[in-house]
Every structure is written in structure tokens, then in C-alpha cells.
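Chain by chain, the residues:
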Amino acid sequence: MVATISVRFIRMLTLLFGLSILTFTLVHLSPIDPVNAYVGGDGSASPEQIEKFKAYWGVDQGLVQKYGSWAGALLEGNFGTSLLYRAPVIDIIQSRFLTSLALMGTAWVLSGVIGYALGVIAAMNRGKWIDKIIKWYSYTLVSTPIFWMGLILLIVFAVWLKWFPVGLAAPAGVMESEVRWIDRLHHFVLPALTLSILGVANVAMHTREKMIDILNTEYVLFAKARGESSWQIFKNHGLRNSILPAISLQFAYFGELFGGSMLAEQVFSYPGLGSTLTTAGLKGDLPLMVGIILISSLFVFAGNLIADVLGKVVDPRTREAG
Amino acid sequence: MQLVREGWNVRKKMVLMLAISLGFLFVLLLLSFTLSNDHLRLGAGAKNMAPSLSHLFGTDWLGRDMFTRTIKGLRLSLTIGAFTSLLSVLIAVMMGICAATFGKTADTVISWVIDLFIGMPHLVFMVLICFIAGGGIYGIVLGISLTHWTALARVVRSEVLQIKNAEYIQISKSYGKSAWYVARKHMLPAIFPQVMIGFLLMFPHVILHEAALTFLGFGLSPQTPAVGIILSEAMNHISTGKWWLVVFPGMLLVMVVKSFDSIGEQFRRMTEPASSHE
Numbered sequence: 001m002v003a004t005i006s007v008r009f010i011r012m013l014t015l016l017f018g019l020s021i022l023t024f025t026l027v028h029l030s031p032i033d034p035v036n037a038y039v040g041g042d043g044s045a046s047p048e049q050i051e052k053f054k055a056y057w058g059v060d061q062g063l064v065q066k067y068g069s070w071a072g073a074l075l076e077g078n079f080g081t082s083l084l085y086r087a088p089v090i091d092i093i094q095s096r097f098l099t100s101l102a103l104m105g106t107a108w109v110l111s112g113v114i115g116y117a118l119g120v121i122a123a124m125n126r127g128k129w130i131d132k133i134i135k136w137y138s139y140t141l142v143s144t145p146i147f148w149m150g151l152i153l154l155i156v157f158a159v160w161l162k163w164f165p166v167g168l169a170a171p172a173g174v175m176e177s178e179v180r181w182i183d184r185l186h187h188f189v190l191p192a193l194t195l196s197i198l199g200v201a202n203v204a205m206h207t208r209e210k211m212i213d214i215l216n217t218e219y220v221l222f223a224k225a226r227g228e229s230s231w232q233i234f235k236n237h238g239l240r241n242s243i244l245p246a247i248s249l250q251f252a253y254f255g256e257l258f259g260g261s262m263l264a265e266q267v268f269s270y271p272g273l274g275s276t277l278t279t280a281g282l283k284g285d286l287p288l289m290v291g292i293i294l295i296s297s298l299f300v301f302a303g304n305l306i307a308d309v310l311g312k313v314v315d316p317r318t319r320e321a322g
Numbered sequence: 001m002q003l004v005r006e007g008w009n010v011r012k013k014m015v016l017m018l019a020i021s022l023g024f025l026f027v028l029l030l031l032s033f034t035l036s037n038d039h040l041r042l043g044a045g046a047k048n049m050a051p052s053l054s055h056l057f058g059t060d061w062l063g064r065d066m067f068t069r070t071i072k073g074l075r076l077s078l079t080i081g082a083f084t085s086l087l088s089v090l091i092a093v094m095m096g097i098c099a100a101t102f103g104k105t106a107d108t109v110i111s112w113v114i115d116l117f118i119g120m121p122h123l124v125f126m127v128l129i130c131f132i133a134g135g136g137i138y139g140i141v142l143g144i145s146l147t148h149w150t151a152l153a154r155v156v157r158s159e160v161l162q163i164k165n166a167e168y169i170q171i172s173k174s175y176g177k178s179a180w181y182v183a184r185k186h187m188l189p190a191i192f193p194q195v196m197i198g199f200l201l202m203f204p205h206v207i208l209h210e211a212a213l214t215f216l217g218f219g220l221s222p223q224t225p226a227v228g229i230i231l232s233e234a235m236n237h238i239s240t241g242k243w244w245l246v247v248f249p250g251m252l253l254v255m256v257v258k259s260f261d262s263i264g265e266q267f268r269r270m271t272e273p274a275s276s277h278e
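Residue numbers (the working numbering), protein chains in the order written: chain X, 1 to 322; chain D, 1 to 278.
Among the hints, a few may not be true.
Just a sample of chain X residues kept apart from chain D, beta carbon distances all over 10 Å, derived [to be verified]: (1) Phe-9; (2) Arg-11; (3) Thr-14; (4) Leu-15; (5) Ile-130; (6) Val-159.
To give an idea of the chain X side of the interface with chain D (calculated C-beta under 7 Å), a few residues [what the hints assert, rightly or not]: (7) Leu-26; (8) His-28; (9) Phe-164.
Straight-line alpha carbon distances no greater than 30 Å define the calculated DSSO-like cross-link-like pairs of lysine-lysine that follow [unchecked claim]: (10) X:Lys-132 x D:Lys-13; (11) D:Lys-173 x X:Lys-132; (12) X:Lys-128 x D:Lys-258; (13) D:Lys-13 x X:Lys-312; (14) D:Lys-164 x X:Lys-128.
Think of the hints as simulated: they come from the structure by calculation, not from any bench. What you are looking at is a predicted structure, and each value in this text was computed from that prediction instead of being measured. Just so it is clear, CB atoms sit at the ideal spot from N, CA and C, and this is done for glycine as well.
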């Protein structure tokens, strides 16, 4: 078991290494001046400083050395300086990270729980109207752009019903220290809701399939013959067989979640990592962009690793077989 | 095995669904060519009109007819979608066949690359590629096609692995046919159905990602009638209550994506008759 995990872990490390090479290559292909790109050229830097940067970052060296010094700096936590905010990239990421984490974490948990519940309900009532509704809902959601969903929620709840504000993470014109948490919550509901609604579909459909398989097994047939109620069947047989795939799936969903949060943050002008990345991309702030991309990829790879390990190692059946 | 209602077995229903989806897309395409560009001129009609019979989707703050704009925007999405999916499919087929035929090392390397591309957050990398390609349609096409080939490549790989040792291919090889000949004459026809379905099922993803990228402001200039741009412009007019600028273009986009999804799904089921009884 330990061996399997370490193999997976090493594989993830090689993937991260590959990712850094890929990003480096892409950045190198860009028409942006390498000094700006790697150092995060501060507009106020003097010519001598730029010369120093050039020597330090090895602009005149070969590609491999360049990659070496860049990756070395990354490992020390030096992500360069943002052109846009005139601050170290790592500081900007730190300040946005929690806002984004709250948003994505809430959506992740909510969509997981609701999606699982819907999937189970659909499977237990297979072919009935409630199953058809859940199926239709999930299939439609898969085809729905998340930003459109966000805009619709905005129109309904913010413009028509005026229940929630139109955007931002806190009321405008209020000092950061005076923002009450209830205000934050108020601004937080719609983006989180948008992100959750769309995350539901994936889990719901997979759980439904899985549950249908389980309900077709002989042990469930026997349980029915013994007179177990639907709830007992779910509790005794369905839950433990279907919860693990659902959790794995949720962990593997990190990449989509981050993409979705980029769009949701854009719609609600919510100042998280996603909207910062969009701004950086539009304004050409390469160091900030690369920093956020690497951090988010780390996140996603970790999610995939967890999903892998959960699916292959934690499940007692595969453990015995292995 | 479920009992089917009399007269409507599952396959008939499938064909009907297919016909509806295809018909819808065809009408859309036809409209996009026949609708006149006059409606897009500034001040051609009354500004900020709510939906009515003469302006189905209403007009925007410049008096442009939203129905015309949306239809033309969707045509652009479809064109980009078709082109990008094609590129992705080409990459996928190449990678899949290489992984399956060129021995263990190639297989390991390609599986690793697939894992790498599956692992990274797609939208994030599309943004990076878009930026590096210098924006424009070029950037969008490149960004999307470089991130969408992975799933299909896996399918192609396992398909080719299955038929690689089939007798007819072994015989063909022993007659001295080149690897290229075998790949073209024997393997491609065998994997074609899977590739076709992969292409169709890729479409919805590609269109959604294209819309997302243009919505975020990457790639196309604001004058282009792309669905993402229409929606991101409409975003600024939400608080003044112009809901129709958002609701209808998005709804049409959802319908297009759903149609493609349904077409791909019906084709998939047709090639797997066993699952048509679901």
C-alpha cells in the first residue's frame, strides 16, 4: 500500500516537473521581453538593476541554464514580481488565496453532497418522474456555461428580487477592517451558489450509474427478499459501495472547479485567484499569470493524486486483491 | 430490458431526437447566412427594446438586433468548434496510434504526456496559450485544441491495441506492407467510428470553452459577434434591467451545445446496440 502511494507520488512529482517545463517553454515562446517575464520587470528599475537582473536570471545563457535558475527560484518560493500590482507574486497569491478557497471549498462540499444525494435518489427511483427530472437537469447543466448561469442568478436574485448585491466580496466604500462577516456572507452567496449548481451534475450522474449497478446485484435482491426497506438497502449496501467513487470523482474535479471559479469570479467581480488570473492575462502580467497557474496546477495535481489513491488503495476490496 | 411503449421503440426515438437536433442546427446555420447584416448597423432600430415580434430577442443599447447578433455569433462558435475539434482529433489519433504501435517506451512517454495534459486546469492553460499566441482566433484555436485531445487519445490507444494483433493485420504485415499502409488501410477504418463519436462529443466542450474564453475577454475583438462577447457586454447592462440581452443568447447557446451533445450521444448508442435498451 505504501509502495503504491509512493509510486503515485513520484509520478505526480515527475508530472509537476513536466508541467514546469511546459510552462517555461510556453512562456519562452511568448513575445514578452524575458527580463519582464522572469524577473517581473518593475517599471521603476534602473538600467543597472536591469543589467543585474539579466546577469542573475541568465538572459544571455542557454535555455537549460535559464530553466535551471527559474526553477531554482521557484523552489525557494520566489515567483518574481507582478508588473500590475508592483508586489511579489507570492504575496498577491497569498492575499487572494483564502477568498478563492472559501468560494471553491463551499462549492466543492455543497455540490458533492447535493450531487451525491440527487444521484442516489435518481437511482433508487429509476424510471420514475423524479429520476427523469434529475437526469434532465444534470444533462442540461452539463451543457450550460457557468457564466451564463451566474448572470441568470444575478438577474433574478440581485436585480429583480434585490436579495443580494450585484458584485464584489464586500460593500464598496467601506474600510477593509470594518467589513462585517455578515456582509461578506451576503456577497458570497451568489458566486458560491453558481459554482455549486453546476458541480452537481457530474457527481449526480456518476453516482446514479454506480447506484443502479449496485441495486442490480444479487445481494441487494436478497436484501429486498429479506424485506429491507429502501432506506435500509441504501444504508447497508448502497452507501459504502457508492460513496468512495463519488469522493474520488470530487477530488478529480479540482481542475474544472478552478476553471469554473475563474468564470464565476469574473461574473460577480469577486476578487479571488481566478479573477486575478483573468486580469493578469488581459493586462499581460506574465509573472503573476505563471505564479497562479503553477499554484492552481499544484492544487489540481494534488486532487488527482488523492482521487487516485482513494480509488486504488483505500478501497478494502482492491487492497486485498493487491 | 424495459418494455417500450407501442409504436415507439427506443431506436425510433433515437432517430427522432437525432433529426430534431440536426434540424435545429441546420435551421440555425441557414439563418446565419440569410439574416441581413443591416440589423447590426448602429442605430438601425430603436435602442434597448424589449423582445417583440419584430425583434425576437430585443435590441441592445446601440439598436442592434440581438437575434441577428446571436445567430451570427453562434455561427462563429460553430466554425471555431468544428476546426478546433478537428485539430484535437488529429492530435488524439496521432498520439493514440503512436502509443499503441511504437513499443513500450513510446507508450509510457505518451501516457505520461496525457496525464500531464489531463492534470492541468484546462481553462487556466487556455488563458496562458491564448495570451502567448498573442490573442485572436488563432490563440483560441490553439489553446482549445491543445487541451482537448487527451480523452480521445486514450480511447484510440486502447482500440488500436485491441486490433493490433488481429490476424488480418499480421498477414498484411507479413506480406511486406509498410507501417504507414497498415495504419491507413487497416487501423484507421477500424477506429473511425470511435474517432467520429469522439469528435462529436468534443464539440460541446469546445463550444463552451470558446464561449468562456471570449467571455473572459481573450481572443476576439469586441466588434466580433461571438456569444461570449455578447454576454460579457450584456453583463454591464444587467443592473439596468435589460435581462433579454443575457437570457436569450445564452439560452440559444445552451440549446446548441445540448443538440451536439445529443447527436454525439445518439451516435454512440447506435454503435453500441446493447445499450439502446437502457
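Structure-based check of each hint:
Every Cβ of chain D is farther than 10 Å from the Cβ of Phe-9 (chain X); the closest lies at roughly 14 Å, confirming the non-interface assignment. Here Arg-11 (chain X) does not stay apart from chain D, with its beta-carbon only about 8 Å from theirs, under the 10 Å limit. Non-interface call for Thr-14 (chain X) relative to chain D: violated, since the shortest CB-CB distance, roughly 7 Å, does not exceed 10 Å. The Cβ of Leu-15 (chain X) sits about 5 Å from the closest Cβ of chain D, inside the 10 Å cut-off, so the non-interface label is violated.
Ile-130 (chain X), annotated as away from the interface, keeps every beta carbon of chain D farther than 10 Å; the closest lies near 17 Å. With a minimum CB-CB distance of about 6 Å to chain D, Val-159 (chain X) fails to clear the 10 Å threshold, and the non-interface call is violated. A cut of 7 Å between beta carbons decides the hint on Leu-26 (chain X): the least distance to chain D is about 5 Å, and the hint holds. With a least beta-carbon distance of about 9 Å to chain D, the hint placing His-28 (chain X) at the interface is violated under the 7 Å criterion.
Interface hint status for Phe-164 (chain X): violated, as the beta-carbon distance to the closest one in chain D is roughly 12 Å, over 7 Å. For the suggested pair Lys-132 (chain X) and Lys-13 (chain D), the alpha carbons sit about 16 Å apart, so the restraint of at most 30 Å is met. The straight-line distance between the Cα atoms of Lys-173 (chain D) and Lys-132 (chain X) is roughly 51 Å, outside the 30 Å bound, and the hint therefore fails. Between Lys-128 (chain X) and Lys-258 (chain D) the alpha-carbon distance is near 23 Å, which keeps this suggested pair within the 30 Å criterion.
Proximity of Lys-13 (chain D) to Lys-312 (chain X) is assessed by CA-CA distance (about 39 Å); at most 30 Å being required, the pair is judged violated. Annotation: proposed proximity of Lys-164 (chain D) to Lys-128 (chain X) is violated, straight-line Cα distance about 44 Å (limit 30 Å).
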